[in-house]
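Next come the chains, spelled out residue by residue.
Protein chains: 2
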Amino acid sequence: MERVYNFSAGPAVLPEEVLKEAAAEMLNYNGSGMSVMEMSHRSKTYQAIIDEAEKDLRDLLNIPANYKVLFAQGGASLQFASVPMNLMRNGVADYIITGQWAKKAYQEAQKYGKVNKIASSEDKIFSYIPDCSDLPITDNADYVYICENNTIYGTKFKTLPNTKGKPLVADVSSCFLSEPADITKYGVMYGGVQKNVGPSGVQILIIREDLIGEKPALACTPTMMNWKIQTDEKSLYNTPPTYGIYICGKVFKWLKKLGGLSAMKEINEKKAAILYNYLDSSKLFRGTVEKKDRSLMNIPFVIGNEPLEEKFIKEATKEGLTSLKGHRTVGGMRASLYNAMPIEGVNKLVAFMKDFESKNSL
Amino acid sequence: MERVYNFSAGPAVLPEEVLKEAAAEMLNYNGSGMSVMEMSHRSKTYQAIIDEAEKDLRDLLNIPANYKVLFAQGGASLQFASVPMNLMRNGVADYIITGQWAKKAYQEAQKYGKVNKIASSEDKIFSYIPDCSDLPITDNADYVYICENNTIYGTKFKTLPNTKGKPLVADVSSCFLSEPADITKYGVMYGGVQKNVGPSGVQILIIREDLIGEKPALACTPTMMNWKIQTDEKSLYNTPPTYGIYICGKVFKWLKKLGGLSAMKEINEKKAAILYNYLDSSKLFRGTVEKKDRSLMNIPFVIGNEPLEEKFIKEATKEGLTSLKGHRTVGGMRASLYNAMPIEGVNKLVAFMKDFESKNSL
Numbered sequence: 172m173e174r175v176y177n178f179s180a181g182p183a184v185l186p187e188e189v190l191k192e193a194a195a196e197m198l199n200y201n202g203s204g205m206s207v208m209e210m211s212h213r214s215k216t217y218q219a220i221i222d223e224a225e226k227d228l229r230d231l232l233n234i235p236a237n238y239k240v241l242f243a244q245g246g247a248s249l250q251f252a253s254v255p256m257n258l259m260r261n262g263v264a265d266y267i268i269t270g271q272w273a274k275k276a277y278q279e280a281q282k283y284g285k286v287n288k289i290a291s292s293e294d295k296i297f298s299y300i301p302d303c304s305d306l307p308i309t310d311n312a313d314y315v316y317i318c319e320n321n322t323i324y325g326t327k328f329k330t331l332p333n334t335k336g337k338p339l340v341a342d343v344s345s346c347f348l349s350e351p352a353d354i355t356k357y358g359v360m361y362g363g364v365q366k367n368v369g370p371s372g373v374q375i376l377i378i379r380e381d382l383i384g385e386k387p388a389l390a391c392t393p394t395m396m397n398w399k400i401q402t403d404e405k406s407l408y409n410t411p412p413t414y415g416i417y418i419c420g421k422v423f424k425w426l427k428k429l430g431g432l433s434a435m436k437e438i439n440e441k442k443a444a445i446l447y448n449y450l451d452s453s454k455l456f457r458g459t460v461e462k463k464d465r466s467l468m469n470i471p472f473v474i475g476n477e478p479l480e481e482k483f484i485k486e487a488t489k490e491g492l493t494s495l496k497g498h499r500t501v502g503g504m505r506a507s508l509y510n511a512m513p514i515e516g517v518n519k520l521v522a523f524m525k526d527f528e529s530k531n532s533l
Numbered sequence: 172m173e174r175v176y177n178f179s180a181g182p183a184v185l186p187e188e189v190l191k192e193a194a195a196e197m198l199n200y201n202g203s204g205m206s207v208m209e210m211s212h213r214s215k216t217y218q219a220i221i222d223e224a225e226k227d228l229r230d231l232l233n234i235p236a237n238y239k240v241l242f243a244q245g246g247a248s249l250q251f252a253s254v255p256m257n258l259m260r261n262g263v264a265d266y267i268i269t270g271q272w273a274k275k276a277y278q279e280a281q282k283y284g285k286v287n288k289i290a291s292s293e294d295k296i297f298s299y300i301p302d303c304s305d306l307p308i309t310d311n312a313d314y315v316y317i318c319e320n321n322t323i324y325g326t327k328f329k330t331l332p333n334t335k336g337k338p339l340v341a342d343v344s345s346c347f348l349s350e351p352a353d354i355t356k357y358g359v360m361y362g363g364v365q366k367n368v369g370p371s372g373v374q375i376l377i378i379r380e381d382l383i384g385e386k387p388a389l390a391c392t393p394t395m396m397n398w399k400i401q402t403d404e405k406s407l408y409n410t411p412p413t414y415g416i417y418i419c420g421k422v423f424k425w426l427k428k429l430g431g432l433s434a435m436k437e438i439n440e441k442k443a444a445i446l447y448n449y450l451d452s453s454k455l456f457r458g459t460v461e462k463k464d465r466s467l468m469n470i471p472f473v474i475g476n477e478p479l480e481e482k483f484i485k486e487a488t489k490e491g492l493t494s495l496k497g498h499r500t501v502g503g504m505r506a507s508l509y510n511a512m513p514i515e516g517v518n519k520l521v522a523f524m525k526d527f528e529s530k531n532s533l
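Chains as they are written, first to last, in the numbering used here: chain A, 172 to 533; chain B, 172 to 533.
Treat the hints as calculated values from the structure; they're not laboratory data.
Note that the coordinates shown come from a computational prediction; the quantities given were computed from them, not determined experimentally.
Heads up, some of the hints might be wrong.
Put simply, identical chains are the same to the list, so a pair is met inside one copy or across any two.
Unchecked claim - Below, in silico cross-link-like pairs of lysine-lysine (DSS-like), each with a Cα-Cα straight-line distance of 27 Å or less:
no.	residue 1	residue 2
1	215	428
2	191	489
3	386	405
4	274	288
5	399	285
6	525	282
7	405	329
8	215	275
9	489	215
10	519	215
One chain only, chain A, in its complex shape (with noise of 0.2 Å):
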């Protein structure tokens, strides 16, 4: 089969150009004599890799000079414990709800302190956003945690909570590089980088300075989750992934080239609307989420019988139209358009359901 388009929710597509040079530097980078895998994380031309990334990334997004970068490893899931252990000074957060990814998060925190669920869209099976402008916000909170687009239900916060000044930590991990953001509203944000920006393996935080105390807020803290000391190192405490950083420093560059962040946001917008559009004129399949939540990356929709669902996803992929069932906890099917999908792909996806649509009926 030729190169497919690839829905998958992550790991993910990832730009043709970017594996094109990754191939081609695979014995040899830049003439070091040695593939990037190959390479000590201390020797000088893997530093100038790491410096590159960190370097990009921060002209992408825009950080503050008061906002340290970390990449890390473990997951958004390793993070989960993280956030507590090195936040909860007071020993109190509260969480908004609105996914599986958000409610894992606030299940491990209440290993470690008092969590409060502050809002929750689990009612209506997380199809929405609740609205988050005048929490009850706990006094001594010492941050407000989101998970800012649900990668399973494919909603996004359009509007970041109002925290009544409390730090707001968000997992970006879906929704990560694929718009512009105001850095200066997160206290933490962070994300794993498998969806948008690299091979799984990756984590990239961004801290504000003034969180990160001496020392973590709890004394259990394994030194490779104490953000002071893996923030001192600049990510290099012990041996990072150092070939998955190097593939999303190629990836930063890629979206550079493009236009950065707003072209990428307009590219964005373009393809989802072609899949939505379709969707809210159909007979037969139909989006799952409330419109004003939707986001961008990931679409699910469904046609409510499932024999047609899996002759759905079976035919598609025959087509080159791959990983496309949803979630395991879901059902239905899911696109994700991340950003390294090309609009061709979800052209091709809207015309093979246009086509499916016509011979098929409830």
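Based on these hints, arrange chain B on the given structure of chain A.
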């Protein structure tokens, strides 16, 4: 510069044929139409990759059925906390200190319980392995900890310590798969793969089943470090470092084709002997550790004259013999002769050293 002979202590040289295969498959793995980097970790194609990697590893090390294999993240440094968190049911452990990494593990474990230093070679800058045949093992110790091969100092345990029935936990990062091992002698064998096995960012653990309780020993253990959950989920609790595991799988196949770990050991002994024999005969260079404890993997050596050492490293680099600088905490030189270092590389290094010796004297 053409491909060099890369003596880096890690990340380190990988088999050229593995890199060539990875480059060839970068845009389209096995007809899937996508890179392994782009592939859902829940896809059948990826499941086959990780299953086969585990199977090949089990074959290579002859891992008994009552041991679990785990692909994790965070490097050995994160395991320095995971080990006590999972195993310290009595809150007590014994550590043998033979280098910086064992020392770091010992220091980290002190956060979580009572930790005894039962032997150390720090008195002679870690240049030997202490006699561990009759140590004062603590009655209620949950485990005895070693770092089996000391990357920085170039020593290796040739005989495992007598743990008097307590489970042995061994960090094997820098000797992993360099020779056969009797897994039944270990409670937990673990290591980062970035020396002998693959790119940094993957950690392999081999854990005796009965040491994995229903819950970790400590309630503060992050879910990502919970061995019960991680092994129940077969390394797929969250998104693992998929691409790194794929490269490890290729290295396992390369080792099997070579004849397995006995064949690998023979080659490693041959390579190390070339360098050690020369060091023992040289009037300029000398090895730094006790002969009986010499590592096959990491061979530190010195001239004892800093300007001459700098000159040596500089001229060697020009000849395509790279990353020979000793660890920043030790100085001098170090040649790491991991599995993938071809014998030609060692021959070229020794020829260059002889030439250098003939032209330079103290």
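Okay, the hints, checked on the actual structure:
Within a single copy, residue 215 and residue 428 get their C-alpha atoms as close as 25 Å, which meets the 27 Å cut-off; across copies the closest is 35 Å, which misses it. When the C-alpha separation of residue 191 and residue 489 is checked against a cutoff of 27 Å, the pair qualifies only within one copy, where the shortest distance is 25 Å, while the shortest distance between copies is 30 Å. Taking the closest pair of Cα atoms, residue 386 and residue 405 come within 27 Å of each other only inside a single copy of the chain (16 Å); across copies the shortest separation is 34 Å, beyond that limit. Within a single copy, residue 274 and residue 288 get their C-alpha atoms as close as 9 Å, which meets the 27 Å cut-off; across copies the closest is 42 Å, which misses it.
Taking identical chains as interchangeable, the C-alpha atoms of residue 399 and residue 285 lie at most 27 Å apart whether they share a chain (23 Å) or sit on different chains (25 Å). For a Cα distance limit of 27 Å, the shortest separation of residue 525 from residue 282 qualifies neither inside one copy, at 49 Å, nor across copies, at 60 Å. Taking the shortest Cα distances, residue 405 and residue 329 never come within 27 Å of each other, neither inside one copy (32 Å) nor across copies (37 Å). When the C-alpha separation of residue 215 and residue 275 is checked against a cutoff of 27 Å, the pair qualifies only between copies, where the shortest distance is 25 Å, while the shortest distance within a copy is 39 Å.
Only between protomers do residue 489 and residue 215 lie at most 27 Å apart by alpha-carbon distance; the minimum there is 16 Å, versus 47 Å within a single protomer. For the homomeric pair residue 519 and residue 215, the shortest alpha-carbon distance between copies (24 Å) is at most 27 Å, but the shortest distance inside one copy (45 Å) is not.
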